[in-house]
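Colleague: Take a look at the letters that make up each chain.
There are 2 protein chains.
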Amino acid sequence: MKIICYKDKLMKALNSVVKGVASKTTMPILEGILIQTNDNEIKLTTYDLEIGIEYVMECDVLEQGSTVVNAIMFSEIIRKLPDTEIKITLNANNLLEIECEGSLYKLATMNPEEFPELPKIEIENSIEIDQNVLKNMIRRTIFAASTEESRPIFTGCLFEIENNKLSLVAVDGFRLALRKVFLTKQSKDFSAVIPGKTLIELNKILTDSFEPIKIGVAKNQALFEMDNCKIVTRILDGEFLNYKNVIPNTWETRIKVNKNNIQDSFERISLISSSSVEKEKKYPVKVQVDIGKVTILCTNQTGEAKEELYVSTEGKNLEVGFNPKYFLDSLKAIDDEKVYIEFGSSISPCLIKSVENNDYVYMILPIRLKED
Amino acid sequence: MKIICYKDKLMKALNSVVKGVASKTTMPILEGILIQTNDNEIKLTTYDLEIGIEYVMECDVLEQGSTVVNAIMFSEIIRKLPDTEIKITLNANNLLEIECEGSLYKLATMNPEEFPELPKIEIENSIEIDQNVLKNMIRRTIFAASTEESRPIFTGCLFEIENNKLSLVAVDGFRLALRKVFLTKQSKDFSAVIPGKTLIELNKILTDSFEPIKIGVAKNQALFEMDNCKIVTRILDGEFLNYKNVIPNTWETRIKVNKNNIQDSFERISLISSSSVEKEKKYPVKVQVDIGKVTILCTNQTGEAKEELYVSTEGKNLEVGFNPKYFLDSLKAIDDEKVYIEFGSSISPCLIKSVENNDYVYMILPIRLKED
Chain A
335 MKIICYKDKL MKALNSVVKG VASKTTMPIL EGILIQTNDN EIKLTTYDLE
385 IGIEYVMECD VLEQGSTVVN AIMFSEIIRK LPDTEIKITL NANNLLEIEC
435 EGSLYKLATM NPEEFPELPK IEIENSIEID QNVLKNMIRR TIFAASTEES
485 RPIFTGCLFE IENNKLSLVA VDGFRLALRK VFLTKQSKDF SAVIPGKTLI
535 ELNKILTDSF EPIKIGVAKN QALFEMDNCK IVTRILDGEF LNYKNVIPNT
585 WETRIKVNKN NIQDSFERIS LISSSSVEKE KKYPVKVQVD IGKVTILCTN
635 QTGEAKEELY VSTEGKNLEV GFNPKYFLDS LKAIDDEKVY IEFGSSISPC
685 LIKSVENNDY VYMILPIRLK ED
Chain B
335 MKIICYKDKL MKALNSVVKG VASKTTMPIL EGILIQTNDN EIKLTTYDLE
385 IGIEYVMECD VLEQGSTVVN AIMFSEIIRK LPDTEIKITL NANNLLEIEC
435 EGSLYKLATM NPEEFPELPK IEIENSIEID QNVLKNMIRR TIFAASTEES
485 RPIFTGCLFE IENNKLSLVA VDGFRLALRK VFLTKQSKDF SAVIPGKTLI
535 ELNKILTDSF EPIKIGVAKN QALFEMDNCK IVTRILDGEF LNYKNVIPNT
585 WETRIKVNKN NIQDSFERIS LISSSSVEKE KKYPVKVQVD IGKVTILCTN
635 QTGEAKEELY VSTEGKNLEV GFNPKYFLDS LKAIDDEKVY IEFGSSISPC
685 LIKSVENNDY VYMILPIRLK ED
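Chain order of the listed sequences is A and B. Add 334 to the 1-based position in the first sequence for the numbering used here, that's all there is to it. Add 334 to the 1-based position in the second sequence for the numbering used here, that's all there is to it.
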């Protein structure tokens with residue numbers, strides 16, 4: 335194998351595929367990148383047995399061949415080379431020679447035949463969406479996914495296509511995040527739960543551009559296809575929460591509030607609520623709605639905090655306890671200037687919604703206040 | 335105590351003094367800030383029994399008084415308040431009330447009489463220097479100070495004033511960093527070893543401005559005085575290395591090299607030299623000087639690396655082993671485009687020097703190569 339390519343182009347490819355390299359593994363081959371030539375292209379592949387990433391790029395192929403080299407070592411060396419042509423050769427001793435100006439590196443390689451094959455996927459359903467749209471939807475829901483492996487299905491994010499709308503839903507038992515977007519092309523209804531870990535890596539690869547990404551789903555696998563890059567992932571098995579049934583569609587108390595103002599209040603008050611000397615104890619904040627005013631309160635050994643905001647209110651007065659972190663996470667995922675916050679009783683979940691459309695719902699379960 | 339002040343001004347003061355707060359202590363009072371009013375000023379003090387920081391600022395004092403409040407909690411709350419006036423009151427229950435628009439925080443306080451007194455200092459000698467100059471000198475030497483407590487004197491940095499020149503010297507047994515600057519005002523000769531920890535915190539407070547800082551030295555203490563801010567620190571006891579005797583003043587081989595080029599070469603080759611599977615083993619790089627050329631080589635289980643640079647050489651050919659990290663640290667501390675690197679024999683230290691002046695010397699001890 336002998337190729338010549340430009341540093342920046344190769345680095346772009348490596349930045350994408352290294353996201354799929356296994357980090358803690360007893361199988362060194364999974365820490366490798368499979369490099370394969372094909373006419374005037376090379377294909378770079380990484381696969382940690384959950385997420386597989388393939389990247390195809392054109393380059394000058396002088397001799398066909400394939401090899402596996404440690405991904406981190408290879409990409410760090412390429413990253414530090416000058417911005418110019420690089421010659422990469424698999425020599426007779428099976429060392430990968432990297433030549434660039436005065437630098438010559440020879441890296442140990444592994445047998446490409448030992449590299450695990452990526453699953454073959456027969457796409458049953460697919461949609462297309464702009465990369466920046468998907469990137470934002472993932473970023474704004476994934477934080478609500480569970481990190482506990484005891485119920486694996488909730489460590490993923492539901493992708494649901496229904497009536498030409500894509501919904502992303504993440505839930506961890508204490509809160510729920512839902513984002514919706516209309517699809518521009520006609521699509522069949524289908525759904526799949528994609529592992530959170532895949533989405534986090536995918537989001538590092540997605541650009542902020544209007545370039546399309548195709549999301550295809552097969553029986554046990556999903557495929558994300560971009561220009562040069564393909565990501566294969568397993569789908570999580572099991573029954574996801576029937577989320578439509580748990581989101582209340584009535585409220586007893588509703589406030590309309592400047593998103594940044596209430597976010598700032600929650601940020602300050604979390605300093606007190608999370609500062610408890612008894613780390614184990616949870617100190618919820620108390621949210622109190624009176625006519626024209628919302629007050630957030632917290633008291634513990636560190637001190638007392640009170641945040642007052644003058645807002646427009648509808649419905650009953652109310653007192654309810656919350657973990658301020660859940661409010662903050664949701665508010666940070668919203669760009670709007672104003673939001674509705676809807677409450678039921680002091681034991682009902684609370685919803686944060688757009689004033690203008692149905693693009694999102696964030697649901698937060700209350701915490702029982704100590705004096706209850 | 336009751337004061338009114340602006341958020342940005344108070345935050346600037348807090349950013350300086352929190353650097354002096356004890357981080358791991360069983361004495362909660364050392365995690366506090368002492369706040370004392372004095373006419374129309376407040377003085378903020380932190381002291382971890384090694385470094386004491388005082389900051390004086392004007393503000394609206396409505397009631398004189400003093401208190402101690404947890405430094406991190408207080409400064410985090412102030413940081414998150416809106417950019418406007420803040421009213422701070424010590425109430426009848428000894429809670430510190432912080433009021434700002436709709437926010438009201440009440441923090442537990444401690445008895446100001448329990449706050450340890452900063453040592454009184456009778457300055458014997460002092461110099462004045464621009465803050466940006468001192469900041470750069472510290473940054474460019476402190477990395478060479480030892481982090482091992484077995485020989486405490488070398489965890490500090492020597493400040494030596496001689497013939498109106500200030501020299502900063504740090505040394506850890508493997509390398510030495512020396513920076514010199516002329517003082518604009520006539521000064522008496524003196525010297526002191528300042529703890530590295532103090533200098534690291536001081537450097538976070540120093541600005542990149544031409545504002546002056548006064549460095550005063552007493553028997554056991556040193557004092558750094560800026561506009562609003564004073565830092566008191568203990569001086570390290572003991573005999574510092576007689577550094578002038580250990581820096582060679584002749585060479586057998588000398589190269590003149592583009593600083594960035596050789597730095598890049600060392601950065602790439604460290605990827606190989608530090609990647610050994612046997613983490614315990616040190617893999618030095620071999621530096622080889624031939625007429626018109628310097629080659630850096632490293633071989634271990636990961637692979638082989640060779641970096642060639644065409645440079646101007648003087649004197650004998652040479653082969654010598656080094657820890658590339660020490661070269662990198664020193665090269666990163668240099669701004670010049672070209673540097674001299676001077677070698678003696680393969681067991682003599684190597685020096686990196688300016689081509690143009692005597693502002694700095696970085697000395698690195700060699701490592702015996704395996705084949706020796």
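Calculated directly from the structure, the hints in this document are not laboratory data. Incorrect hints may appear among the rest.
It does not matter which identical chain is meant; a pair holds if it fits inside one copy or across any two.
Result set (DSSO-like, lysine-lysine): computed pairs, CA atoms no more than 30 Å apart in a straight line [stated by the list, open to error]: (1) Lys578 with Lys672; (2) Lys650 with Lys593; (3) Lys454 with Lys414; (4) Lys414 with Lys531; (5) Lys421 with Lys553; (6) Lys414 with Lys469.
Nothing here was measured: the structure is a model prediction, and the numbers come from that model.
Colleague: A separate judgement is required for each hint: does it hold in the structure or not?
Modeller: Against the structure, the hints come out as follows:
1. When the C-alpha separation of Lys578 and Lys672 is checked against a cutoff of 30 Å, the pair qualifies only within one copy, where the shortest distance is 24 Å, while the shortest distance between copies is 68 Å.
2. For the homomeric pair Lys650 and Lys593, the shortest alpha-carbon distance inside one copy (21 Å) is at most 30 Å, but the shortest distance between copies (71 Å) is not.
3. In this assembly of identical chains, the alpha carbons of Lys454 and Lys414 never lie at most 30 Å apart, being 35 Å within a copy and 52 Å across copies at closest.
4. In the homo-oligomer, the alpha carbons of Lys414 and Lys531 lie at most 30 Å apart inside one protomer (28 Å), although the nearest pairing across protomers, at 32 Å, exceeds that limit.
5. Taking the shortest Cα distances, Lys421 and Lys553 never come within 30 Å of each other, neither inside one copy (41 Å) nor across copies (63 Å).
6. Taking CA atoms no more than 30 Å apart as the test, Lys414 paired with Lys469 passes in both settings, with 29 Å inside one copy and 29 Å between copies.
In the structure shown, a violation is registered for the earlier hints numbered 3, 5, in ascending order.
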